[in-house]
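When you get a sec, could you build the whole thing from the sequences and use the hints?
Now for the letters of each chain:
2 protein chains.
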Amino acid sequence: MKIQLLGATGSIGLQTLDVVRKDPSRFFVVTMTCYKNIDKLCELIEEFHPKYISVNEEKDALKLIEKYPNIEVGFGTQGLMKAAVYDLEAMVVNAVVGSAGLAPTVEAIKHGLNVALANKETLVIGGEIIKPLLLKHGAKLFPLDSEHSAIFQCLKGEEYKDVHKLIITASGGSFRDYSRAELKNVGVKEALNHPNWTMGSKITIDSATMMNKGFEIIEAHYLFDVPYEQIEPLLHKESIVHSMVEFKDTSVIAHLGLPDMRIPIAYALYYPIRAPFKGESLNLAKIKTLHFEEVDFDRYPLVRLAIEVGMKKGLMPATLNAANEAAVSLFLEGKIGFLKIEELIFECLEHFPQEKDITLDKILNRDKMVKEYLFDRYN
Amino acid sequence: MKIQLLGATGSIGLQTLDVVRKDPSRFFVVTMTCYKNIDKLCELIEEFHPKYISVNEEKDALKLIEKYPNIEVGFGTQGLMKAAVYDLEAMVVNAVVGSAGLAPTVEAIKHGLNVALANKETLVIGGEIIKPLLLKHGAKLFPLDSEHSAIFQCLKGEEYKDVHKLIITASGGSFRDYSRAELKNVGVKEALNHPNWTMGSKITIDSATMMNKGFEIIEAHYLFDVPYEQIEPLLHKESIVHSMVEFKDTSVIAHLGLPDMRIPIAYALYYPIRAPFKGESLNLAKIKTLHFEEVDFDRYPLVRLAIEVGMKKGLMPATLNAANEAAVSLFLEGKIGFLKIEELIFECLEHFPQEKDITLDKILNRDKMVKEYLFDRYN
Chain B
1 MKIQLLGATG
11 SIGLQTLDVV
21 RKDPSRFFVV
31 TMTCYKNIDK
41 LCELIEEFHP
51 KYISVNEEKD
61 ALKLIEKYPN
71 IEVGFGTQGL
81 MKAAVYDLEA
91 MVVNAVVGSA
101 GLAPTVEAIK
111 HGLNVALANK
121 ETLVIGGEII
131 KPLLLKHGAK
141 LFPLDSEHSA
151 IFQCLKGEEY
161 KDVHKLIITA
171 SGGSFRDYSR
181 AELKNVGVKE
191 ALNHPNWTMG
201 SKITIDSATM
211 MNKGFEIIEA
221 HYLFDVPYEQ
231 IEPLLHKESI
241 VHSMVEFKDT
251 SVIAHLGLPD
261 MRIPIAYALY
271 YPIRAPFKGE
281 SLNLAKIKTL
291 HFEEVDFDRY
301 PLVRLAIEVG
311 MKKGLMPATL
321 NAANEAAVSL
331 FLEGKIGFLK
341 IEELIFECLE
351 HFPQEKDITL
361 DKILNRDKMV
371 KEYLFDRYN
Chain Y
1 MKIQLLGATG
11 SIGLQTLDVV
21 RKDPSRFFVV
31 TMTCYKNIDK
41 LCELIEEFHP
51 KYISVNEEKD
61 ALKLIEKYPN
71 IEVGFGTQGL
81 MKAAVYDLEA
91 MVVNAVVGSA
101 GLAPTVEAIK
111 HGLNVALANK
121 ETLVIGGEII
131 KPLLLKHGAK
141 LFPLDSEHSA
151 IFQCLKGEEY
161 KDVHKLIITA
171 SGGSFRDYSR
181 AELKNVGVKE
191 ALNHPNWTMG
201 SKITIDSATM
211 MNKGFEIIEA
221 HYLFDVPYEQ
231 IEPLLHKESI
241 VHSMVEFKDT
251 SVIAHLGLPD
261 MRIPIAYALY
271 YPIRAPFKGE
281 SLNLAKIKTL
291 HFEEVDFDRY
301 PLVRLAIEVG
311 MKKGLMPATL
321 NAANEAAVSL
331 FLEGKIGFLK
341 IEELIFECLE
351 HFPQEKDITL
361 DKILNRDKMV
371 KEYLFDRYN
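Line by line, the protein sequences are chains B and Y.
Residues in the first sequence are numbered consecutively from 1, following the working numbering.
Residues in the second sequence are numbered consecutively from 1, following the working numbering.
The set of hints was computed from the structure by calculation and includes no laboratory data.
One thing to keep in mind: the hints can contain errors.
As the list makes no split between identical chains, a pair holds if one copy fits it or if it spans any two.
Here are the simulated DSSO-like pairs of lysine-lysine, each with C-alpha atoms no more than 30 Å apart in a straight line [as the list claims (entries may be wrong)]:
#, residue 1, residue 2
1, K248, K237
2, K312, K189
3, K22, K165
4, K161, K278
5, K202, K340
6, K368, K356
7, K2, K248
8, K248, K140
9, K237, K286
10, K286, K161
11, K248, K156
12, K288, K40
13, K237, K288
From a predicted model like this one, the values you see are computed outputs, not experimental measurements.
Okay, here's the thing in structure tokens:
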């Protein structure tokens with residue numbers, strides 16, 4: 001199977017390549033992109049020999065052209081888009097971080113390519129335009145998130161109409177044992193210390209604010225065609241139950257496993273067969289106890305907000321996401337405190353007007369405007 | 001759908017009728033049998049209007065003939081067999097308790113009828129002869145046990161060859177918090193006090209000795225074609241996770257729900273669609289904690305024994321089951337102590353010879369001999 005890997009040097013990109021590495025006769029990496037980690041990209045090029053690569057900056061692209069005269073090299077948005085559709089027989093793995101992931105997904109779908117999706121923004125800000133495109137071009141999305149992969153697996157062989165509820169588990173993130181008062185003075189280092197998963201810094205902060213859980217509810221809504229009223233978050237601090245589906249006969253089917261992103265990645269890449277991937281087996285007798293708790297929407301206001309914004313559709317999700325991306329970035333740079341992330345998000349949703357009739361350009365334009373609005377204030 | 005219900009007045013029989021009662025335009029009860037609870041049977045006859053009924057004793061049958069001149073009435077083994085194959089378009093629900101359930105299952109399969117199976121003995125003592133019959137006559141078995149229904153559901157849409165392990169959960173029964181020393185003087189009343197499930201008395205004692213878990217491992221081996229080495233019991237005192245399947249990619253799919261036998265019964269009766277049955281939904285946030293623990297084979301020696309006996313095949317499983325049936329019956333009559341159940345089982349397995357080449361008659365004959373051997377000593 002040919003793979004076009006967008007965001008190769010990030011956490012999901014590298015774990016995708018680990019799955020590829022274990023089965024070299026099955027997988028071929030045709031294209032690879034990264035943002036700016038050029039050293040890592042060079043390592044990967046030498047191991048996987050892609051035909052086309054793309055990076056963010058032109059100057060990096062020029063260096064790569066010199067270093068690898070036999071490989072095609074692109075840069076910027078155009079390069080990323082080309083990497084998505086370079087070979088029309090490939091599957092796209094979209095592990096780009098942030099709103100930059102939307103356009104290449106749209107491009108891939110328009111060319112009828114299936115996309116294994118780790119980029120949350122594609123569905124959070126673009127779900128409304130993506131759904132009709134999938135139908136029109138006969139392309140499929142495969143979730144790479146552990147939660148959505150879990151639900152996708154629980155639904156195997158089932159009828160979607162029999163679904164009563166999707167239950168998305170949440171670890172609660174780095175600050176799950178803190179009260180809201182205690183969140184005032186938390187720092188970047190503590191925020192990046194996730195209890196269960198090793199992930200990129202943006203998603204780790206999203207996990208601490210539980211913005212990610214809100215995004216996952218929006219994604220689940222679009223991936224599985226389930227109304228928001230039938231999607232529930234559930235605190236589960238061990239991250240062993242990755243998510244669940246309750247059917248109309250009150251049967252609940254759950255996906256469990258040790259936290260290892262290679263399981264959902266392998267599931268998507270080998271679908272519909274089970275991967276031969278062998279990580280560490282789950283031993284519940286060793287883990288002994290699993291805990292579950294309701295998500296307190298007052299403690300985690302961004303979860304409720306995401307559901308409300310998801311229901312509003314139009315440009316509101318793009319506004320939410322852009323405000324969050326900018327605010328998290330400002331927090332990581334030490335320019336704002338942790339609780340200010342929420343504050344800026346609420347502010348942007350007040351400030352920017354709704355627009356119901358949306359297009360890819362309108363989404364990307366809103367994304368840019370919101371980010372500028374916040375960055376201009378702090379830079 | 002026409003239903004032939006064997007063992008109508010027992011716990012599973014009555015819960016099956018509760019599922020039937022909720023969907024009277026879908027289900028028709030064609031035949032009904034019971035052992036000796038004639039009053040209850042009369043109630044059920046007047047509600048469900050079967051065409052044929054059968055009881056154990058001829059004298060009970062004669063009374064019923066007089067009372068219901070428009071219904072055919074049978075008795076004994078022949079009556080039970082006839083009830084299984086009375087209408088060749090029906091599904092058989094076999095909720096008979098004990099080895100008496102084997103012959104009617106065999107009869108149904110030989111007539112190409114599908115059987116929803118709550119009778120454990122069918123596969124425990126007859127698995128070896130049942131498997132080739134199913135293939136020959138194109139009949140199917142549907143599990144009614146919560147554990148096997150859970151596994152059956154977890155396997156929906158999956159390839160059996162991708163199964164790495166079946167994990168069968170066990171509540172631990174009435175004495176799970178007792179040491180073996182403390183088991184010496186336990187009485188019948190305490191033994192019948194199961195923490196999670198309301199079931200018949202035989203199965204409740206089997207749960208306390210965990211003989212039932214051993215039986216379930218043998219049943220799972222035959223139902224799902226999985227070698228004994230790949231079937232594991234796991235203590236889980238809440239009985240919320242009904243069982244699990246680990247696939248070769250280390251994904252674990254689990255079935256969860258509140259303990260309600262009508263869920264697996266409805267699943268089998270409506271298969272392949274999900275039942276509209278609406279029991280109480282599982283609320284994990286309310287349950288808060290799920291516990292898991294290894295099964296200690298020294299604490300529960302009958303589990304290990306069942307696996308060993310299952311592997312030996314031939315007449316050993318029939319010997320094990322008959323010894324257990326007789327011993328549990330003697331315990332319930334107050335004739336032996338709780339730990340004596342195990343002792344008598346081990347004794348019978350020593351006393352009776354193995355025979356590899358088996359038939360239905362040989363199994364039933366062994367069953368009779370072992371029971372007589374024990375009953376003669378105490379009666």
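Hints versus structure:
1. K248 / K237: both (27 Å within a copy, 25 Å between copies)
2. K312 / K189: For K312 and K189, the Cα distance exceeds 30 Å both inside one copy (35 Å) and across copies (59 Å).
3. K22 / K165: Between copies, since 23 Å is at most 30 Å while 36 Å is not.
4. K161 / K278: This pair counts as between: shortest inter-copy Cα distance 15 Å, intra-copy 33 Å.
5. K202 / K340: Intra 15 Å, inter 63 Å, cutoff 30 Å: intra-copy only.
6. K368 / K356: within (18 Å within a copy, 77 Å between copies)
7. K2 / K248: Result: close only across copies, 23 Å inter versus 39 Å intra.
8. K248 / K140: For K248 and K140, both the intra-copy (26 Å) and inter-copy (25 Å) Cα distances are at most 30 Å.
9. K237 / K286: So K237 and K286 pass the 30 Å test inside a copy (16 Å) and across (15 Å) alike.
10. K286 / K161: between (37 Å within a copy, 27 Å between copies)
11. K248 / K156: both (16 Å within a copy, 16 Å between copies)
12. K288 / K40: neither (39 Å within a copy, 44 Å between copies)
13. K237 / K288: both (13 Å within a copy, 11 Å between copies)
Violated hints, listed in ascending order, are 2, 12; each of the other numbered hints is respected by the structure.
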